[in-house]
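Protein sequences appear in the order of chains A and B.
Sequential numbering of the first sequence, starting at 0, is according to numbering that gives the first Met the number 0.
Sequential numbering of the second sequence, starting at 0, is according to numbering that gives the first Met the number 0.
Some but not every residue of chain B turned toward chain A, in silico, with C-beta under 10 Å: (1) 21; (2) 23; (3) 29; (4) 103; (5) 109; (6) 113; (7) 116; (8) 117; (9) 120; (10) 135; (11) 136; (12) 143; (13) 146.
These are calculated hints, taken from the structure and not from any lab test.
Virtual Cβ for every residue (Gly too), placed ideally from N, Cα, C.
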Amino acid sequence: MTRDAPARPDASAWMREGARGRRWWPVVAVAGVVLVTTVGGFVAAAALSEPAGPPVGVPGVVSVQPLSGWEPADPGTAAGRPYARLTRGSGTLVVAGWGPFEGDAAALAAEVRDELLGESLEQLSVSDRLTSVPLEGGAVGQRFTFVGIDADSGGAVEGEVTAVVSSEGQGVVFIGLAPEGLLAFIDGDLHTMIAAAAVGPSA
Amino acid sequence: MSAFDARLGRRLHHARFRQPRQPAFWLYLGFVGLTGLVAIAEQSLYRSISPSGWALSWFLLALYGLPVVVVVYLLDLYEREPVPLLVAAFVWGAIAATTLSAIGNAGWGLAVARIGGPEFAARWTAALTAPFVEEILKGCGVVLIYLIARDEVDDVMDGFVYGAICGLGFAIVEDVFYFMAVFGGEPAGVLQGFWLRVVAGGLYGHVLYTGIVGMAVGVVVSRRAAEPLGRRLAVAAGLCVLAAAAHFLWNSPLLTFFPAEPWTGSDYLVVVLATAVKGLPLLVFVAIAVTLARRRERRWLRSALEAEVGLDGISAEELHLLESPRRRHAARRAMRRRAGPRAASLLHRLQREQVNLAMVASRVGDPADPALVHQRRYCRSLRDALEAIPAAAPAAPGAGPGDR
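Given only the sequences and the hints, what does the whole structure look like? Please build it.
Dropping the structure here:
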């Protein structure tokens, strides 16, 4: 034989016998607090990610809509390949047109690793696997991360490359770059901007 | 009805964790079940990365955790908390709170980076996210324990015990993560991480933070008759802010005096001093708060039992013994020497039920309340059984001078 402890004389009404239905609201409140605490940051971050300024990119090949806080930097050309840049603090997103490319996105990613990163970074180390990245326009890119030492500045950098081949056979490369330890603080923005990028003649 | 039957016949507390009629029980199980899958996968990954480092991590953390459990458990002078509920608090901290915090910290870290940019985020994200995310999620575990077994959290000290155990569970699993993912996972890295996070900083972290949050829960759910809700909420809010502020200071770049890595020789002593700068003030505060809470418990015990002295439940000598854990323990040792282990065990039960007598007396207003009368009789039956044991009777209620 067992029975519950007698109701405490100082207990509030909802705790006493006869108020069993009200046992639910504290539990619902706890569940709500856990939910808001756990996922609320993602909602807040998404709400704070507002487009700002005109799109930048390589006309007819790729364009990216900057998020608030990102500023366009001087565009340029490297090895005959045009690129545009966005920066936020020490974080950078390079958007480059790679030109006509016959292979798939994975082959383009390997070419970027060997031709671009391999020549500009010392002690280069890249992730073992490629990650598929769907873009909102329908194209699918391949992504890998890397760390290395910048040959010019001597500073350690980390970044990620997303390679895309458009349906017209144009190679597009997104390179997110930051000093070592800082990539994690811009990769949310990078992924948002890359996912929404326009690839192809309409860009 | 025998004493044993009487004990079974009236349960003073929800000592069991399994309470299927409580919605909080199912919410607890749901969160722990879901996050448990993630936690198991995470530990499997660590083990695959470095089996020796992973095993060493758990071994070292067991060496740290077991004494902490014992100390925290024994802090509660009169009403030790049921072990199943303490295990539940530990599991919540170790599994649910750590896993949910990892998600929450990542999300709020994105928000901080969005607002402040990468450089600001690199310096301040840990301070601006973890203290709030982690203290809230660990605190939710203490609240769930309270909702599962409301009668067990009836004092500030109870809240501290559940909170500290929950914080310990969190600290241990977080330390394993740091040893494996930040300090490299190999035995040398694990030892360095153990020095920094446990030897140098083990007294200051989650055990204290969540202990304070647990105190806040204890303040709100107890003292109902003595203090209005607004005042209790204000005190609880102050305690929660203190816990979050201490956690903020620990994670922030403020007051950071750690030597540059790699550490050699005396650097390891500097690390101990550097952690003390950040953590010692809170440890002192908690020590004072716990001391005050224990004194308050002692005063509560005396006031609850003064009117009972001379009735069936307790004598003046027994109350004198009961007020001091040291005297109680000494009396049991003396009883064991004089009349054997069975008599000592019976005296232990009598003392425990006299503490329960105090709880019943403080909860019912009427001295003739059936529950109170029943508890007095139960104590008397235990005393009768004790005095029936040869050699136990002469000194059963009190103790000799050497035992005081």
